[in-house]
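Student: Here is what each chain is made of, one letter per residue.
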Amino acid sequence: MIHFAQVSKYYGGRGVIEDITLSIEQGCFVALVGKSGAGKTTLLKTINRLIEIDSGAITIDGAAITALPLASLRRRIGYVFQGIGLFPHMSVAENIGLVLRLQGTVAPPERIAELLELVSLPRDLADRYPAQLSGGQAQRIGFARALAAGPSIMLMDEPFGALDPVTRNALGGAYRALHDRMGLTSLLVTHDMSEALLLADRVIVLGGGRILADLPPRALLQYRGDESVRAMLDCVRDQADRLEALSRSAG
Amino acid sequence: MTELGVALPDLLRLVQAHLFLSGSAVVAALVIGLPTAIMAARNRRVGAPLLGLISLLQTIPGLALLALFYPLLLIAARATSLPIPALGFLPALLALGLYALLPIVRNSVAAIRGIDPALIEAANGLGMTGRQRLWLVELPLGAPVILAGIRTAAVWTIGTATLATTIGQPSLGDLIFSGLQTEDWRRVLVGCVAAAGLALLADFMLALIEGGLAARSRWRLGAGVALLLVATAATFLPIPNATQSKGTARVIVVGAKNFSEQYILADLLETRLRAAGYRTERRDNLGSAIAYRALAAGDIDVYVDYSGTLWADVLRRSDTPSAKAMLVTLAHELARRDKVRLLGGLGFENAYTFAMRRSRAQKLGISDLDSLAQASSKLRLATDLEFLSRPEWEAVERHYHPAFRQARAYSPTFMYRALGDGSADVITAFSSDGRISAMDLVTLGDPRGALPHYDAVMLLTARVAQDDKLVAALQPLIGAISIETMRQANGMVDRDADKRTVEQAAEWLATKMVKPNK
Ligand SMILES: Nc1ncnc2c1ncn2[C@@H]1O[C@H](COP(=O)(O)OP(=O)(O)O)[C@@H](O)[C@H]1O
Ligand SMILES: [Mg+2]
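Line by line, the protein sequences are chains W and H.
Sequential numbering of the first sequence, starting at 2, is according to the working numbering.
Sequential numbering of the second sequence, starting at 106, is according to the working numbering.
Just so you know, the hints here were simulated from the structure itself, not pulled from any lab data.
Here a beta-carbon is modelled for each residue, glycine too, at the ideal position from N, C-alpha and C.
Hints are not guaranteed to be accurate.
[What the hints assert, rightly or not] If the Cβ cut is set under 8 Å, some of the chain W residues that face chain H in the computed set are:
hint, residue
1, Ala65
2, Arg169
3, Ala232
4, Cys236
[Stated by the list, open to error] Beyond 12 Å from chain H on every Cβ pair, some chain W residues (computed):
hint, residue
5, Ser24
6, Ala72
7, Ile85
8, Pro89
9, Arg146
10, Val237
11, Arg249
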């Protein structure tokens with residue numbers, strides 16, 4: 002379980018995250034949505050301390066995240082982001098095996114093949130270099146690299162942001178399946194409400210550094226509170242309605 | 106051999122010395138520069154002023170930087186009372202290393218800062234420690250840019266290392282500087298071509314490694330590294346000694362300033378010492394003021410200086426006593442101050458003397474410094490590089506009040522050229538110079554006695570002066586060289602036609618020595 006207790010983060014006196022208290026159960030798939038600048042990335046990065054909080058406390062399974070050495074904390078948490086960040090001077094296999102290497106072990110070829118298979122990529126990609134991959138392949142490798150050391154928590158910051166819609170849809174579905182199979186705790190930052198509704202068990206809507214709504218997708222669709230949250234939901238509904246109308250008129 | 110103006114083994118030894126010096130400087134700059142750059146890249150508050158400081162160092166001319174380390178090391182040696190050598194390899198290494206620092210630090214900082222921020226975020230997010238990020242991400246990705254910096258540093262350093270000659274560190278500059286003095290253009294050319302060749306070779310080798318890293322080409326990387334190893338091996342390969350006979354283990358360092366007469370006399374001293382069973386080494390092209398301090402500090406053991414120079418530079422005196430009184434005072438004072446032994450005069454003077462072309466002097470009716478001063482507003486004066494800042498010039502101004510239309514400083518060779526080609530009317534010649542008779546110059550009298558005597562004298566460190574055998578080997582030189590003989594020997598080396606090498610002139614001089622009567 003990840004627990005936030007009255008967590009705040011300020012930049013130059015301005016609260017980017019303000020007094021957030023929040024618990025995320027083991028095995029839960031949480032989507033963090035909100036307009037850009039809402040504080041999603043900041044909230045996510047406080048967990049693996051890529052950003053240090055200014056007040057409050059964060060614990061994982063009861064232990065403060067500051068209790069562990071930084072590198073060990075991060076190695077236990079998978080991190081995937083829009084920039085992907087595969088190292089161009091390392092082969093696919095070397096990229097995937099990196100966290101194990103940081104811990105002083107070597108990933109055997111079978112383990113690399115297994116991880117490639119996990120993200121639905123052929124084994125023979127192992128010897129390629131990042132420059133020789135498509136965007137979708139590269140982000141699948143990004144996932145494989147984050148999963149290699151067997152983390153129980155996955156942090157994802159718009160991981161599908163740079164991908165085309167088809168690839169995006171396919172990868173999203175594939176990851177949800179992985180999450181279930183491996184019993185992960187997942188936090189997915191996205192600005193796409195429909196993606197959040199379709200993938201997550203729980204959707205947290207952030208705005209101005211505060212939690213505007215925190216509900217399972219079904220319940221969120223019934224939400225009657227904050228106006229900006231309703232606008233986001235209306236946008237999704239509106240698109241669905243228009244598609245529905247379009248397909249009916251075609252049929 | 107002499108087609109090149111230098112014997113092949115000597116040339117190879119200079120190439121080795123040059124490579125060793127440049128290589129050490131670049132390695133030193135790398136060892137210091139890379140960690141500095143890493144620190145500067147991570148901490149901008151430290152980085153900006155640091156880069157500014159290093160850029161500032163770069164604006165100091167190479168020659169000045171080399172020269173500055175001489176007094177600095179002297180002070181360091183005095184302050185710590187450690188035997189820190191102020192001449193030769195150490196100051197050259199320090200100056201060149203500092204010079205090589207800028208391209209290495211600047212490129213390394215740019216290389217590290219220029220890495221895609223997404224890769225840094227990935228590295229941090231995966232849980233790399235700072236050190237792991239450095240070795241696994243920043244250095245490998247920055248390597249081509251860092252190497253480009255090393256390449257620039259290597260090419261600069263190999264070029265600048267030719268200047269190390271002036272502070273007594275052998276390099277290819279030995280050929281260039283001595284060739285310039287004796288107008289032996291073959292030596293200058295050989296020195297330049299060899300230095301340029303080394304620079305090109307280093308550039309090619311490092312380009313191979315850099316390209317190999319950037320393109321991940323094992324073949325190119327391997328070829329570059331192999332070349333680097335060959336070059337390193339070549340630097341340390343022993344070269345059979347062509348000019349030196351094996352003798353006792355004792356090495357006597359013979360110094361010389363930067364003109365022909367000094368080379369010839371140093372060669373003469375060396376020949377006599379070797380005949381007496383000593384091994385010798387040379388430190389050539391020492392600046393006039395540096396030579397004495399080098400002797401006082403024990404960096405060289407023996408050299409020839411001139412009484413007037415010592416009188417003004419060391420004793421800081423501007424009076425002009427008789428030649429004899431000057432020698433007596435000098436012998437006493439040098440021994441007292443620095444334990445330097447003035448062994449005796451060689452028998453001739455190499456004094457500053459104003460000289461003009463005969464025809465011009467006759468036309469203007471100039472015969473001495475008085476008549477020169479009267480006509481000076483129409484005349485252009487060419488001096489050697491130091492005369493105008495010397496007390497002798499002050500004395501001339503005080504006694505004669507000349508007001509030349511123009512006064513310019515040249516290296517000695519070009520000073521004579523300036524008189525020859527009409528860009529100067531008067532020069533501050535040297536009385537033992539072969540060119541005085543060769544160019545048919547008149548030397549102007551000094552009726553008011555402004556210029557001191559400049560007897561050539563042998564100076565020894567206390568260490569070698571205690572060695573009776575050594576003193577006995579040099580003793581016969583006292584009073585043995587006449588002004589006419591010295592002029593001829595200098596002329597053999599300096600003239601354009603039928604030029605002789607310094608060694609040949611020194612051999613000839615040895616046959617012309619007169620037995621002192623007393
Ligand atoms: N290093 C920083 N310095 C100052 N302000 C920042 C910094 N990082 C983020 N912010 C500000 O914090 C707010 C939240 O940023 P972020 O968490 O990245 O938003 P989101 O991911 O929801 O788009 C934004 O207004 C952003 O401008
Ligand atoms: Mg964001």
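Student: Take the hints in turn and mark each one as holding or not.
Tutor: Hint-by-hint comparison with the structure:
Given hint, Ala65 of chain W at the interface with chain H, is violated; its Cβ is 17 Å from that chain's nearest Cβ, farther than 8 Å. Checking Arg169 of chain W against chain H: minimum C-beta separation of about 19 Å lies over 8 Å; hint violated. For Ala232 of chain W, the suggested interface contact is broken, since its CB lies about 31 Å from the closest CB of chain H, more than 8 Å. At about 30 Å, the closest approach between the beta carbon of Cys236 of chain W and any beta carbon in chain H exceeds 8 Å, and the interface hint on this residue is violated.
Against chain H, the non-interface label of Ser24 of chain W holds: every CB pair exceeds 12 Å, the least being about 23 Å. Remark: the non-interface label on Ala72 of chain W conflicts with the geometry, its nearest Cβ contact in chain H lying 5 Å away (cut-off 12 Å). Ile85 of chain W, annotated as away from the interface, has a beta carbon of chain H within 12 Å; the closest lies near 7 Å. With 12 Å as the threshold on Cβ separation, the claim that Pro89 of chain W sits away from chain H is violated: the shortest Cβ distance comes to roughly 7 Å.
The Cβ of Arg146 of chain W does not lie farther than 12 Å from every Cβ of chain H; its closest approach is about 7 Å, which violates its non-interface assignment. Here Val237 of chain W stays apart from chain H, with its beta-carbon at least about 30 Å from theirs, past the 12 Å limit. With a minimum CB-CB distance of about 44 Å to chain H, Arg249 of chain W clears the 12 Å threshold, and the non-interface call stands.
The structure does not agree with the numbered hints 1, 2, 3, 4, 6, 7, 8 and 9 stated previously, though it agrees with the rest.
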